[in-house]
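Enquirer: Here the protein sequences come in this chain order: A and B.
Just so you know, we're using the working numbering here: the first sequence kicks off at 1 and counts up by one.
Just so you know, we're using the working numbering here: the second sequence kicks off at 1001 and counts up by one.
Errors might be hidden in some of the hints.
In silico lysine-lysine, BS3-like type, Cα no more than 27 Å apart, as pairs [to be verified]:
| # | chain 1 | residue 1 | chain 2 | residue 2 |
| --- | --- | --- | --- | --- |
| 1 | A | K193 | B | K1405 |
| 2 | B | K1404 | A | K193 |
| 3 | B | K1447 | B | K1402 |
| 4 | B | K1193 | B | K1116 |
| 5 | A | K297 | B | K1056 |
| 6 | A | K170 | B | K1193 |
| 7 | A | K319 | A | K56 |
| 8 | B | K1404 | B | K1447 |
| 9 | B | K1402 | B | K1371 |
| 10 | B | K1056 | B | K1116 |
| 11 | A | K447 | A | K371 |
| 12 | A | K404 | A | K371 |
| 13 | B | K1153 | B | K1116 |
| 14 | A | K116 | B | K1193 |
| 15 | A | K297 | B | K1297 |
| 16 | A | K56 | B | K1297 |
| 17 | B | K1319 | B | K1297 |
| 18 | A | K153 | A | K170 |
Derived by calculation from the structure, the hints in this document are not laboratory data.
The primary structure of each chain is shown beneath.
Protein chains: 2
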Amino acid sequence: MKAAIIGGGVIGGGWAARFLLNGWDVAVFDPDPEAERKIGEVIANARRSLPALYDKALPPEGTLSFHTDMAEAVKGAGWVQESIPERLDLKHNILGQLSEMVPEDTVIGSSTSGFKPSELTANGARAIVAHPFNPVYLLPLIELVGNPETTGKAAEILRSIGMAPLTVRKEIDAHIADRFLEAVWREALWLVKDGIATTEEIDEAIKMGFGIRWAQMGLFETYRVAGGEAGMKHFMAQFGPALKWPWTKLMDVPEFTDELVDLIAGQSDTQSGHLSIRELERLRDDNLVGMMRALKKTGTGAGGVIQRHEAGLPAPEAKDLPITGDRQIPVSWTDYNGHMNETHYLEAGSLATDEFMQLIGADASYIASGKSYFTIESHVRYLSELHAGEQLTIQTQVLNGKGKKLHLFHFLYGADGTLAATVETLLLHVDLTTRASSLPDPEVQEKLESFHTAHEPLGLPNGAGRFVGQRA
Amino acid sequence: MKAAIIGGGVIGGGWAARFLLNGWDVAVFDPDPEAERKIGEVIANARRSLPALYDKALPPEGTLSFHTDMAEAVKGAGWVQESIPERLDLKHNILGQLSEMVPEDTVIGSSTSGFKPSELTANGARAIVAHPFNPVYLLPLIELVGNPETTGKAAEILRSIGMAPLTVRKEIDAHIADRFLEAVWREALWLVKDGIATTEEIDEAIKMGFGIRWAQMGLFETYRVAGGEAGMKHFMAQFGPALKWPWTKLMDVPEFTDELVDLIAGQSDTQSGHLSIRELERLRDDNLVGMMRALKKTGTGAGGVIQRHEAGLPAPEAKDLPITGDRQIPVSWTDYNGHMNETHYLEAGSLATDEFMQLIGADASYIASGKSYFTIESHVRYLSELHAGEQLTIQTQVLNGKGKKLHLFHFLYGADGTLAATVETLLLHVDLTTRASSLPDPEVQEKLESFHTAHEPLGLPNGAGRFVGQRA
């Protein structure tokens, strides 16, 4: 699978990273001599954050290439994404050329923030709106507008690279999300211009209140809850009258003068000037990863998108021992010592146990039937430091699988194949109703014993059966 | 400290919970016979989520009382908060009465979404705007508007209960955040009315894109980053022209008809009707707690507020052994078996180790000076199940503190005093530059040895020195 990215920059680079890290080859066309450096920086950001959303490895990265000839860049591409500046004449020119170059079944997407498909294709060009949000490699939303057959096909591809396509029912200027952003932006410019609040105070007002609310429920669901037991109609009756009140400046937009630009840019420097754009980007990405991992626990919003994408990622093939973990270490797993925190060695081991339970059929439906394994004892040896962004692979040996017992020994390997830790763990099979130990179902028992039989000749691994502080 | 809550409901209840769980006594006045039940439900939600933001215990809860006499409710209160319906005549009546009842130095706050202080106090009443966001017990933002002396005092009190006061420079209808919400609301009503998107699609557009972005950076900082290396001026130049484009419907608001209400309420039922309001609230709270705990790692936005509040919470007093943990178990620490996941037993132990390091002076500044302890081995025994919302207390015994070694044994106790787990852990002192083991500073060594000497007569605790699967 190959994607062609027409126009680098922050948005084109984000698209490139999203495809590349999901195993697509990516060809970039951008006449800017700085394009390779700029896209390289976006991809570097993506490499340290996108895989960290998942507890499984993404497919191997595709190949990235840069081209000075657009026809060469798009050759064989299944998706061509245009992310050039927001000028209709430029878009007509490029989209027109692309439509001639690529076959009918290649999706031509435009990252336009505001133009409608009818405007983009007025010159006969073939294109749909595929409007992303920055950072494209982390935020799942893509607004699709245009030909239903093409948007349908595009939606399928986008889901396969972990995104959340939203097909807009009728075309409208600025699609959906940017209409909200524009309304908030206009209102914010007034507040700064009128001296009601600075840029920093406005940002505080957003992130300390409704911003964090909107990360997991949108406007309507939030208000449904705010309406309390009386529900949505009650909420609307309560706030309906406000529609007539001067609670926003709305259409009356401030004059876009140099003074206003200086005022805003100056306040923005005061607010954030102590951090470089690169530092801000990384802070933003670390926060997004942390929050999206939190949402993944409940499957809400962007967390649900990650859950579904992860479920479809291929399991690594077993070698001598089953591979029960293959993942990148998220920044949020590190601590003040600049390495992976001790807790997350056990978390990785615990996820490996879950993965092993899947292998013997003690999976979600087994647990739903009222049976599971509870851990009663664990022992972790920390053998070498692991760092954010590093690949971690886990293999598991069964030390005992008789009766109620599940005695596992996980080997945690760092990126260079060094044994970074071992996690030894003993679980007992339980009846979830009585919370007392019980025998597993025969099918589970059988699979477990066959692992045990296969692993028994390996003998006790080095470090098994240790107590804390024992001499090597 | 006592707060009086005038008007129950979702907002008044949220205020009550926020004060109560921060150790204030709370007196509620609300003529609604259902007030006690309603506020009880809000407080139940707060008890399972607010303390879960912290890795330390909040102060003991204050006393909650309900009153049918307003004068009795406000007696001795340092803060009186009015959260009655949004009608100016009602507000005048109540704020007027309150101003007669309480002394000058009592803060009288109004939860009004829209009225300006000059409107609220037109009848001579004393009051400031103290506008919260639902759920008040979790979201830190409070907009303060009015008399600078009172808002200054109010800000100090709000910080002491873990909130983030934002003082608005000049009064304006709907303060700051609600102006944005109103703009988005008006735009959203248009989109639904015009059939561009359903309520569910609009919510998707928000939470999959800019919603999650705004939880951690606001509008301006996000755009600063989007501007890339060229910065805020570049961003403004790029989007300045859009101010003249029809990217929002703005002042032209849809007619508030029954049809519109039915359309919105019907779509909202389709979207969220499978969950009760109570279930939605708990899902929202679990998500907010998870995301706010993620933001706490980097100290961003609401996470910074929690960090600062937590730093000021009093440490529990040592008993026979030092208390190195005292906290509530967050929902996000539980798993598919309906109890605390094995990983978080070790996380609690790891935080207890951090706390013990503080006690011997191996604190943040010690680590900044290039010295720290690294864990080399840990052993966890899981003795009983722990559940979300349960209080967890940890005590720590020093098994060895000689030379480079720090050998600790943590006892984890559940709410009823049962020993729920033990975590035995061995750390080595390291030089953070060479990453090799080294001797601690003499001051640290001395404090550590005095703990060791004091704990030595206790002997090896039951379960220390065990290997996995050893018979009891």
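Enquirer: Against this structure, judge whether each hint is valid.
Expert: Hints versus structure:
A distance of roughly 60 Å separates the Cα atoms of K193(A) and K1405(B); the hinted pair therefore is violated under the 27 Å criterion. Annotation: proposed proximity of K1404(B) to K193(A) is violated, straight-line Cα distance about 60 Å (limit 27 Å). Between the alpha carbons of K1447(B) and K1402(B) the distance comes to roughly 11 Å, so the proposed pair stays at or under 27 Å and holds. A hinted pair counts as satisfied when its Cα atoms are at most 27 Å apart, and K1193(B) with K1116(B) does not qualify at roughly 31 Å.
Restraint check for K297(A) and K1056(B): satisfied, since their Cα atoms lie roughly 23 Å apart, inside the 27 Å limit. Distance check on the hinted pair: K170(A) and K1193(B) sit about 12 Å apart at the alpha-carbon level, within 27 Å; holds. With a C-alpha separation of about 17 Å, the suggested pair K319(A) and K56(A) falls inside the 27 Å cut-off, and the hint holds. Pair hint K1404(B) plus K1447(B) holds up; C-alpha atoms about 14 Å apart against a cutoff of 27 Å.
For the proposed pair K1402(B) and K1371(B), the alpha carbon gap of about 17 Å is at most 27 Å, so the pair holds. In summary, the hint linking K1056(B) to K1116(B) is not supported, as the alpha carbons are separated by about 38 Å, beyond the 27 Å threshold. Restraint check: the Cα-Cα separation between K447(A) and K371(A) comes to about 16 Å, which is no more than 27 Å; the hinted pair holds. Proposed proximity of K404(A) and K371(A) is supported: the alpha carbons are some 12 Å apart, at most 27 Å.
For the proposed pair K1153(B) and K1116(B), the alpha carbon gap of about 19 Å is at most 27 Å, so the pair holds. With a CA separation close to 19 Å, the supplied pair K116(A) and K1193(B) stays within the 27 Å bound. At roughly 17 Å between alpha-carbon atoms, K297(A) and K1297(B) fall within 27 Å of each other, so this suggested pair holds. Proximity of K56(A) to K1297(B) is assessed by CA-CA distance (about 23 Å); at most 27 Å being required, the pair is judged to hold.
For the proposed pair K1319(B) and K1297(B), the alpha carbon gap of about 30 Å is over 27 Å, so the pair is violated. Between the alpha carbons of K153(A) and K170(A) the distance comes to roughly 18 Å, so the proposed pair stays at or under 27 Å and holds.
Checked against the numbered hints above, the structure breaks hints 1, 2, 4, 10, 17 and satisfies the rest.
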